[in-house]
Amino acid sequence: MKKQTMPTIASAIVALATLSACGGGSSSAPEAEPASPKARIAALEASGALPKLERTDTVDGLDTNADGIRDDVEAFISTHYSTPEQQAASRQFASVMQAAMLVDKEDIAAVKAISLRSSRAVNCIYTRFDPDGDIKPAAVVQELRSISTNTKQRLLAYLAYAKALDGTTSALPEGDTCE
Amino acid sequence: MNKTIRKLLSASVALCIALTAPLQAMGQTSSATELCNADVAFFFFNGVQTTPDGADVALAELRRIHGTSATATGDRIRYEKLYNYSNGFEDFVETFEQRLLEQDRLLEGRFELFFEALHGDGPWWSRIIESVAEAVGILGGFVDWYQAAAAQQLTTLLGNPPTTANYLEHRARIDNMILEGRKLLFVAHSQGNLFANAAYDYAVTQVDAQSVKVVHIAPASPTLNGPHTLADLDLVINGLRAVGSVADITDEIPGFLLRAPGVNGQRDALGHGLLEIYINQRLSISQRVKSDIDTALETLIAPPAQAAAGFFTATLTWNGTGDVDLHTFEPNGGHVYYRAKVGTAGHLDVDNTTANGPEHYYASCDANRLQAGTYQVAVANYSRATGRTATVQLASWADGVLGTQSVVLGAETRDTPSATLFNVIVTKDEETGRYSVSLGN
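Protein chains in written order, with the numbering used here: chain A, 1 to 179; chain B, 1 to 441.
Hints listed in this document are in silico derivations from the structure and should not be mistaken for laboratory results.
Any given hint might turn out to be false.
Unchecked claim - Just the calculated beta-carbon pair ranges, DEER-fashion:
| no. | chain 1 | residue 1 | chain 2 | residue 2 | range |
| --- | --- | --- | --- | --- | --- |
| 1 | B | 436 | A | 108 | 15 to 25 Å |
| 2 | A | 78 | B | 431 | 25 to 35 Å |
| 3 | B | 389 | A | 78 | 47 to 57 Å |
| 4 | A | 78 | B | 250 | 37 to 47 Å |
| 5 | B | 339 | A | 64 | 51 to 61 Å |
| 6 | B | 88 | A | 57 | 36 to 46 Å |
| 7 | A | 62 | B | 71 | 47 to 57 Å |
The C-beta atom is built at its ideal place from N, Cα and C for all residues, glycine as well.
Make the full structure from the sequences, and use the hints.
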């Protein structure tokens, strides 16, 4: 049997999107869609289907309660993760992400210290989210990384942190590493 | 005492392992034996465009699959990542930014979509495309570009392979694991295979080949030191195939449209992702990877232990002949070095007087011996080591390597340390009884 081939990845993604659309939504009656594509993106954001994030031109962003986590990230965590334990684990990782973006990348000891905190936070998430449940820990880590690095400035700051860790080693901690 | 005839190894190498008093750390209530004992060091070398926390996630998933005890042997497994960064990763952000401006700036500024876009799939992109069909071109165009860029990046890396400077800490960690008698398993994905091969080449100069094994996943390198797995629709490696030799394809995977998502909820349009393809338990290809790792775990032979594990350890090496000494000043003022190998809290259990090292100090895993407070770790050029570079790697049992520091040695100072490289702070939480370790200034 000839295997499926893909002329371009783009065409495969188009096909996937088409199949997804064919599957139908949860509502039985068609809804009026906002006219412009941008308005539809805004509607997705308003509905919570896309995260509503702050995009100021600083790495720090807005952190009203000064707990090392941006307000919008905290709001996302409160909305998306149900139990207090899951929210605490998510906040632990989010605060490490924020520290990673802000750390002096020339200070290798400081970078390394954040990296160890990050490993503990990832391990914590694995103890608070069921890998066989609806919200999987691997997805949580990526989701939190993505919303934390939601501007070019923040994403580049995070990649600079990753670059500073090139060639390092660390263990995946065991047990309860939640703070 | 005549220094030249002192024993290289202490008679009490396994002292720590034999201790049984309870110690609580990392939230566990464990006996010292459990806390400071592992038989296998499972080293993961990450693939292209992997973030540090992404590598931790990969490690956590591998731990979920293979457990902390090997099924066949009962060996306790310790998981560590040997991280490598993909040069030019930040350049991808520039291209992504341009894509976000397409379709009349439809997604302008939404960099939270970047990591999903690297795989050409994800819940946010799915929702966007379902609602705004125009967005599919933005994602598809980026992924098409990314496929070529990733292959180009790997080609460049193959032409300019990692140097010793790139994996100095990796080597020091391997040295330490060998010293402590651990079996070594290297599991590498994508570009991590280049680093794993370099690590393997080094390791077999230090230990018998039966004590170190490599499992290659989607290898970017044609050089193989163990079994490998490669998908037919891995478009990144297929891109490399177009410009040079790569390993043989071992497995067919379903086309993009038919793939079950991985544990992160994503398919990988490029067929290259570790979570999405190679250890995705919903795809049959993952069984080959699992089998290769299980077989390696079953057949590894432990090298002879020369040193004990510790709550934290300091390992000294240097680059050539001469006699360099490791000195540790314990919190109670005790001075542990070759003349006084047994301290109150720890032990110098490996001493070298001729060349290269190693020397090894460990702080006890026994709560009755371990002291809270600051430990100073220093080095001295005892003799014949002027100009040598001395390197100390400081590692904790819980977190692995905390830091690696080097110093160029000056003139001989005999028994007087000339450079303090680490202040190690051990703290005890009086409420929980847990100990933790960190580096001070």
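Hint check:
no.	hint	in the structure
1	436/B x 108/A: 15 to 25 Å	holds, 21 Å
2	78/A x 431/B: 25 to 35 Å	holds, 29 Å
3	389/B x 78/A: 47 to 57 Å	holds, 51 Å
4	78/A x 250/B: 37 to 47 Å	holds, 45 Å
5	339/B x 64/A: 51 to 61 Å	holds, 58 Å
6	88/B x 57/A: 36 to 46 Å	violated, 25 Å
7	62/A x 71/B: 47 to 57 Å	holds, 50 Å
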